[in-house]
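**Student:** So you can see what is in the structure, the chains are spelled out below.
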Amino acid sequence: MGSYHVLTAKGSTALGGDKLTSCFSSSSGHGFLLSHQLFHRNVYSHKYRIQANAHNRKQVSTAHPTSDTLKTLQRTLSLDSALPPAPPLSSPQSDEGKRAGPSSAQVQDEVRTASGKSHLASNKPSAVFVLFRQVKRAVERTLSSFNLALAELAIIAALCALGTLIEQGQSKEFYLEKYAEDYAFGMFNGEWVLRLCLDHVYTAPYFLGLIACLAASLMACTSSRQLPLVKIARRWKFYNSGASVSKLPFHETLPRAQLADLGALLAADNYQVFVKGPALYAFKGLAGRFAPIGVHAALLLIMGGATYSAIGGYRGNVMVPQGLNFMIGEVMYPVGFLARPPDTFDTEVHVNRFSIETYPNGEVSQFRTDLSLFDLRGREVSRKEISVNKPLRYGGFTMYQTDWAISAFQVRVDGEGPYNLVAAPLQTGDNKLFGTFLPLGDTGLGEVKGISMLARDLQSVIVYDSSGAFVGVRRSGSGRPITVDGVSIIIDDVIGSTGLELKMDPGVPIVYAGFGALMLTTVISYLCHVQVWALQEGNSLLVGAKSNRNRSDFQEEFEKLLDFVPEIVKPENGTPPVVLTNSIGGLQNPDKSVG
Amino acid sequence: MIYTGIEYIFVNISFVMFFFVTLLNLINLFYKIDKIDHFSKNSMTIAFFCTTGFLITRYLQTRHLPLGNLYESLMFLSWGFSLLYLILEVRDQIGLSHAVLAPGAMLIHAFATLSLPQQMRSPTLLVPALQSQWLMMHVSAMLISYITLLCGSLLAITLLSLFYGKVGSVTLEHKFEKQSFFFLMNPRKNLWKQTGAENYSYFLISNSRKCQLINCLDKWACQTISLGFSLLTIGILSGAVWANEAWGSYWSWDPKETWALVTWLVYAIYLHTKVDKRKMGEGPAMTASMGFFLVWICFLGVNLLGVGLHNYGWLA
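First to last, the sequence lines map onto chains A and B. So for the first sequence, the UniProt record's numbering puts the first residue at 1; every next one is plus one. So for the second sequence, the UniProt record's numbering puts the first residue at 1; every next one is plus one.
These are computed hints drawn from the structure, not numbers from a lab. A few of these clues could be false.
[Claimed, not checked] Label pairs and their calculated CB-CB ranges:
id	chain 1	residue 1	chain 2	residue 2	range
1	B	T52	A	M219	27 to 37 Å
2	A	E357	B	S122	16 to 26 Å
3	B	M120	A	N317	25 to 35 Å
4	A	P360	B	Y59	14 to 24 Å
5	B	L114	A	G362	24 to 34 Å
6	B	L114	A	P360	22 to 32 Å
7	A	K231	B	T45	48 to 58 Å
8	A	R141	B	L114	50 to 60 Å
9	A	A310	B	L23	47 to 57 Å
Ideal Cβ positions, reconstructed from N, Cα and C, are used throughout, including at glycine.
Please model the entire structure based on the sequences and the hints provided.
**Tutor:** Okay, here's the thing in structure tokens:
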């Protein structure tokens with residue numbers, strides 16, 4: 001496509017939005033001429049040429065050299081005439097035939113290849129192949145249907161919402177009990193909940209099937225709708241007939257306007273402009289055409305990554321008392337059939353320390369666990385203090401701080417010990433309570449009496465005597481003895497255990513890549529891809545344009561731009577020629593501009 | 001405790017100002033009085049600065065971003081409404097979005113200060129899971145997206161109420177075709193064309209003003225929702241990354257994230273119907289107005305039920 005003259009204005013600020021309005025407000029002919037000259041200098045000084053209209057404008061200028069206002073125009077034209085001689089407007093047909101002929105044929109050929117039909121017919125492929133193709137096309141058409149995709153989105157949304165209304169992942173009895181009554185005239189009860197898999201909607205076969213359908217729709221839409229659109233958009237296609245320009249959603253005929261002026265205006269407004277003979281093609285914001293494809297691709301990437309997470313990972317939970325250790329491989333269990341154990345499963349984890357930090361008012365501020373990792377030879381390979389929001393990553397798996405408990409009370413009784421008394425959880429959940437029991441004397445099997453100790457955190461212990469009466473509170477490690485039932489007790493320590501969650505999720509990098517791509521492409525999607533076609537027909541200029549979104553706004557803006565295409569009025573009865581804008585501004589002050 | 005006093009002053013001034021602006025904007029809908037715009041803009045500016053002052057005071061008190069509990073996030077929401085109001089002051093000349101935003105800001109403010117008990121309004125310390133750099137990114141992106149989506153949906157609801165109001169003798173489909181025609185031209189162009197064309201008689205039909213409004217609303221709703229949608233995407237995804245740091249899984253079908261996904265899907269449907277030329281008219285607007293309720297369910301409803309991992313800053 002070497003024969004097209006590409007216009008890109010480097011100093012494109014000449015037609016910024018502000019400039020444009022300010023030019024408009026000074027709507028006299030002279031004011032406009034200045035801006036007109038500005039555009040031309042802007043374009044021509046960069047050695048870009050628009051050939052088609054040079055001849056035409058020269059005619060205007062030579063016919064009326066005496067005009068006062070035309071002096072400025074003449075100056076631009078002298079710049080213009082310094083360029084190599086341009087072919088006259090009447091000759092673009094022959095010009096096109098000589099230079100751009102092959103390329104236009106090539107374009108048409110490409111179009112035919114893209115549509116594919118004519119080639120298939122001529123090749124006479126086998127019947128099976130044709131059938132396969134037809135089936136494939138039919139499936140693709142169904143899947144890429146807009147309404148189907150929207151319906152899938154809507155049903156998925158509805159099922160997601162339903163899943164939050166019915167508690168997920170409970171036992172059978174729970175549902176039978178909770179939905180014992182018949183709702184909706186016996187159509188809905190506990191059994192139906194179980195039968196419709198509503199107790200685990202998000203992993204139900206129909207839900208996963210719907211998501212698979214959505215993925216198929218996304219792919220079909222991308223391949224059958226978006227990619228062809230991009231192919232077409234990337235091809236610089238000129239319209240050489242007025243009829244095809246008029247078919248565009250936005251089209252307009254500018255009387256007495258020149259293609260070159262429009263080209264310069266578009267180039268200054270950051271369009272990529274291509275001119276061939278009497279036809280012009282310009283576009284901007286091609287990224288806005290690519291981005292929706294990126295959105296779909298990113299969604300597919302996320303779905304793929306999530307699937308991989310679901311079938312190729314390991315998970316595990318462990319509650320480890322401070323000072324003890326465990327092997328990673330012992331606590332991890334595979335999530336899906338693709339899960340393969342990595343070498344790092346031989347790593348041994350040692351809990352050096354577990355602590356709970358609190359705010360001055362007693363609320364928990366952070367849980368911290370100091371972990372050391374040892375390999376088979378007993379070498380420390382990693383050490384880190386983890387907390388909520390700061391997990392430990394090593395060799396493909398991640399360790400999270402998720403839970404805590406009290407494992408034992410370390411006490412000295414009458415100076416003997418220390419003894420470790422195992423703590424039992426009395427309350428779980430957010431309000432944890434742990435207790436332990438110190439038996440007193442040897443009272444036989446019948447009635448065991450002793451001291452009860454309760455703790456809600458690692459710091460203070462509440463002590464009750466054998467009759468169950470409150471005795472006092474001691475801070476752990478304070479060393480202050482407390483006398484209960486004649487026995488002196490010192491609470492040395494409250495040993496906590498840390499609740500760790502372990503995970504090996506190979507899908508995370510894929511999902512993260514999808515996240516990044518999705519964030520980026522949704523934002524870029526709002527760029528408007530605008531395409532402009534123009535055709536010079538005699539003195540008037542036929543302009544058509546189309547944008548992929550934001551239609552009303554785009555049209556307003558584009559009309560503003562068109563208002564600045566100069567209108568060259570040929571003189572009648574010897575009055576000097578005048579350049580008007582195609583806007584009301586030019587018509588409002590006819591006296592001024594005619595001068 | 002000097003902070004409590006300052007907060008009290010800021011909250012009350014901003015409430016009075018919100019109330020004042022709402023009144024002025026409602027009057028402005030029916031009577032055109034020149035000074036009103038000026039007054040309402042000034043009052044809104046005062047309200048904006050007072051809410052900003054409140055948030056800063058909160059920050060100084062707690063030393064973390066004032067998004068720690070429901071009260072603070074509601075105040076942030078009303079702050080966002082007032083900010084949006086001031087931004088649109090520059091761009092929207094019709095002032096319809098003002099009539100939507102001012103009551104919105106006032107109602108959220110009123111709900112936060114009047115209906116929440118004192119203990120929920122006092123500043124709270126951050127629980128371990130919230131102590132992260134992601135708090136700012138996730139929560140602020142989510143709240144700003146709620147603000148923009150709510151605003152867009154309110155515009156869509158306004159559109160629908162105008163649409164189903166008395167429309168005269170023109171049938172709906174026909175009318176919408178006309179509107180789309182109508183708005184694609186700016187007045188200047190029309191005047192210019194009038195000199196040459198004669199078939200612009202329907203320029204004078206009685207409900208042309210209404211058509212104009214509907215089309216304007218449609219455009220504004222679409223643009224606001226587009227912005228809100230990308231913010232919601234960023235919010236949800238940053239939340240997922242954070243969840244992978246804090247809870248060990250980037251997606252755990254927690255009620256709040258599920259509802260955010262539902263909201264996202266519904267607005268995705270809206271944006272897709274807007275792209276399709278054949279689906280112009282009230283259909284997309286209905287989807288968008290549905291989004292209004294979804295955002296509220298997502299923002300408040302899930303916390304009201306007190307389920308899931310996102311249950312921060314609600315009654316203990």
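**Student:** Go ahead and decide if the range 50 to 60 Å is satisfied by the Cβ distance of A:R141 to B:L114.
**Tutor:** Roughly 56 Å apart at Cβ, these two residues keep to the hinted range, so it holds.
**Student:** Could you tell me whether the CB distance from B:L114 to A:G362 stays inside 24 to 34 Å?
**Tutor:** Given about 30 Å between the Cβ atoms, the range holds.
**Student:** Starting from the range 48 to 58 Å, see whether the pair A:K231 and B:T45 falls in it by beta-carbon distance.
**Tutor:** Distance hint for A:K231, B:T45 holds at roughly 51 Å.
**Student:** The hint says 16 to 26 Å between A:E357 and B:S122; measuring C-beta to C-beta, is that right?
**Tutor:** holds, 22 Å
**Student:** Go ahead and decide if the range 27 to 37 Å is satisfied by the Cβ distance of B:T52 to A:M219.
**Tutor:** violated, 47 Å
**Student:** Honestly, do A:P360 and B:Y59 meet the 14 to 24 Å range at C-beta?
**Tutor:** holds, 19 Å
**Student:** Is the gap between the beta carbons of B:M120 and A:N317 within 25 to 35 Å?
**Tutor:** The hinted range 25 to 35 Å holds for B:M120 and A:N317, with Cβ atoms some 33 Å apart.
**Student:** For B:L114 and A:P360, compare the CB-CB distance with the range 22 to 32 Å and indicate the outcome.
**Tutor:** holds, 31 Å
**Student:** With respect to the beta-carbon atoms only, verify the hint that A:A310 and B:L23 lie 47 to 57 Å apart.
**Tutor:** With a Cβ separation near 55 Å, A:A310 and B:L23 satisfy 47 to 57 Å, so the hint holds.
In this structure, only the earlier hint numbered 1 is contradicted, and the remaining ones agree with it.
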